[in-house]
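**Student:** Residue numbers (the numbering used here), protein chains in the order written: chain A, 83 to 554; chain B, 83 to 554.
A few of these clues could be false.
Intra- or inter-copy, both count: the list cannot distinguish identical chains.
[Claimed, not checked] 27 angstroms max Cα-Cα, derived BS3-like pairs, lysine-lysine: (1) LYS384 / LYS492; (2) LYS152 / LYS414; (3) LYS495 / LYS384; (4) LYS110 / LYS495; (5) LYS289 / LYS346.
Rather than coming from a laboratory, the hints here were simulated on the basis of the structure.
Protein chains: 2
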Amino acid sequence: MMLKETEFKPMQEEQLSVELIQAQYAMKETRGQSNAKSLLILVNGIELAGKGEAVKQLREWVDPRYLRVKADAPHIFDHKKTFWQPYSRSIPAEGQILVMFGNWYTDLLSTASHVSNPLDSTLFDEYVENMRAYEQDLKNNNVDVIKIWFDLSWKSLQSRLNEMDPSEVHWHKLHGLDWRNKKQYDNLQRLRQRFTEDWIVIDCEDKISRDQQFAQHVLRKLKHLPEHQTKAKGKWKQAKIPEILVNPPQVEISEKDYKEELKKLTSKVSKALRFDDRNVVIVFEGMDAAGKGGAIKRIVKKLDPREYEIHTIAAPEKYELARPYLWRFWTKLQPEEKISIFDRSWYGRVLVERIEGFANDAEWQRAYNEINRFEKDLFDSRTLVIKFWLAISKDEQEIRFKSREETPHKYFKITAEDWRNRERWDDYLKAAADIFERTNTDYAPWHVIATDNKQFARLEVLKAILKQLNID
Amino acid sequence: MMLKETEFKPMQEEQLSVELIQAQYAMKETRGQSNAKSLLILVNGIELAGKGEAVKQLREWVDPRYLRVKADAPHIFDHKKTFWQPYSRSIPAEGQILVMFGNWYTDLLSTASHVSNPLDSTLFDEYVENMRAYEQDLKNNNVDVIKIWFDLSWKSLQSRLNEMDPSEVHWHKLHGLDWRNKKQYDNLQRLRQRFTEDWIVIDCEDKISRDQQFAQHVLRKLKHLPEHQTKAKGKWKQAKIPEILVNPPQVEISEKDYKEELKKLTSKVSKALRFDDRNVVIVFEGMDAAGKGGAIKRIVKKLDPREYEIHTIAAPEKYELARPYLWRFWTKLQPEEKISIFDRSWYGRVLVERIEGFANDAEWQRAYNEINRFEKDLFDSRTLVIKFWLAISKDEQEIRFKSREETPHKYFKITAEDWRNRERWDDYLKAAADIFERTNTDYAPWHVIATDNKQFARLEVLKAILKQLNID
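If we strip away everything but chain A, and leave its shape as in the complex, we get:
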């Protein structure tokens, strides 16, 4: 069941326009504030219901400089693309408004009504639920979402088709179903009835009422600018720190054994990565000097740089801060990128941002679920996520820091910040423990590797990759 508007009253056009513009400006001013928000307007519905006209009318009432309209042709779902990937780059920054014509629901409906290969209804419902969850993550991260279904009865649709300029038919046919086919129309209506209850349905028989309703819904959303939730909901349950983080096992390996095994493994790993038909995302986290760079180097040893990309993650830039935390990772991960390696990652939210207070309690505490959903979406899109925590002992870190300070071409690797982070050693261990407790999923498990012996650690990393790729 979807809500239907009943308490709708038309407003004076002038009044509506003034209020819309004021609300636009008020929202624009929230950028960087404690009630910052952007608004994403998802527009779907029956052809000829007048989505386009309603958006054009809205554009005339608002300040058009601050309303972007984006329309994509539908993307039929395929296996290596999450439903949000084609759109993530467009997610509006704080203060912005975006109308999205083509969106994940367009794609879902197109995929579901695909003649040769329709979606079954269980999968359809799963998608709808994932979309709702994704939108909830957007909302929690200051991107408010409003979803409007422009509805039109079969009868009215047919009479509008009859009245249409024949040269326009061609264009309309390109976008969607055969609107003369009652079975297809009914099927679409049946599918959209399975959408979640937060959709707003606008009956488009009457054009003036349609445009007014649409604009008033947008106005109501724009005006809603609550302060952000910053406090945690309850007491935080700190996970127990695993022994391997406190006392990483010390192991020995002979130079000869290392070299032999390394050679074998690098070659095996490169082939395994290259010929797996999934995309692979490899994530490295761990204390400074734990050996992330060295491990990455061995993974790519036998690969050609055209086969992979290494993403080195530093502090976000200003334009990234104006969007959801995960946004810069959504946009970095491209479906056509076969092997992506992250030197630090989205776990920064629950590591440095948690510890240094860049994220407030509400933000970092809900981030575990956001991250899990993100990784699940990747997994469902045939992208394997392999996660490493490199566990170094505090003593060994000190030895490496000092050695870096004494080696001219390594000196750049060690900064005052590294020494400061070291002072928060225990906080990082706690944060790591919580990460393992909450994000060690079936679909994206953690590999915790003891790294006091660098050579041993590198071999372990390679073995873990093979294991997760099911190669023995």
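The hints should help you fit chain B onto chain A, whose structure is shown.
**Tutor:** Then chain B, alone, in the frame of chain A:
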């Protein structure tokens, strides 16, 4: 003829690494400074010459956090994409270094050697020349470019292919030619001999020398951090201000004639735009309140919002300022966007930026040619550029400003800045005159429309579009 390095001396690895890192940091520090620069490293050459190995070795010598490596599969040229479009988003920001494996030269060579449809050599040479010009624009806008050809003799290539692990062959075959085919090899060598002289050729027989030469070339480029050119080269030759800007003709049109003609024209224009097989970019410039918004509204009147996108151009953001001025337009124009309308545009460089001093003399004075090249590239990629200057009289502007101040839902359209711009009226007229003088090209002509009568102006805009689309 390409230059060959003769005076090459290997450096101590440690020394080379330290110098590279220092140079990296020095360049990183230039961000926002008067010697700001980024570095783009284009890497091409013969398969198995060791491009990948050399880049990996460079990554080990430098601070890998500040060296991005990007590799795309080749894009065969098609008609609606300029050669720079697939790469423009990746152009590095000030302080950054990017190695581009797949790049416009890869695409050119792939297109030229395309079996079924090879490029003829005149077209090939034109592309090479356009690429050089584009790179010069990058350099002038703080993106330094270095182009390296990794060369390998036929004999060595064959012996490396013989030594190769058979499972790797599959991968290598995917990227490029049949390297066992001497004719294809010779053809490639012949083609790259037609490249410009600024290529650096590295002979890759010896691996150590190859990696050293590559790194040393990069080091030399990194170290070169001259102060930017800010002064103009000579005295500026101001164009004469056309009469239409000073005294836009006053015309009358009856309400009835306007409505009738408008209806006819909007319908004609929407069909013309929709069914033209080119992409169309429509640009609006002109004084504040000249009627840009109203004209745009009539163009899209009969279009569906899924058919076009309106780009409203405001001041650049910080991350945009760290790239060439045209960058934000390169990235906004997507080949799959059929109709793009710009409410203000790249002409901001030679209007507001010139007048307010946001661009220095050298910058705005060379911008005319940069813009011409940009529009020519679009034209050559089957994208029609239609440019409008809406010419309002100073008196009429005042009337419209005052009316805006008195109308509640138009009040937002008028700000103190608009009144300030009005004080610089004559500067804007001069700047406009120079624009017409220098950017009124065959492939992208200007339409100057008198707009004191809004209705008349809207009809004129629609007629001009039809005219440039060759519709009568």
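**Student:** Does each hint fit the structure? Answer for all of them.
**Tutor:** Verification of the hints:
1. LYS384 / LYS492: Result: close within a single copy only, 24 angstroms intra versus 63 angstroms inter.
2. LYS152 / LYS414: Both: 21 angstroms inside a copy, 12 angstroms across copies.
3. LYS495 / LYS384: within (25 angstroms within a copy, 60 angstroms between copies)
4. LYS110 / LYS495: Classified as between; 15 angstroms across copies, 40 angstroms inside a copy.
5. LYS289 / LYS346: Result: close only across copies, 22 angstroms inter versus 70 angstroms intra.
Taken one by one, the earlier hints all hold for this structure without exception.
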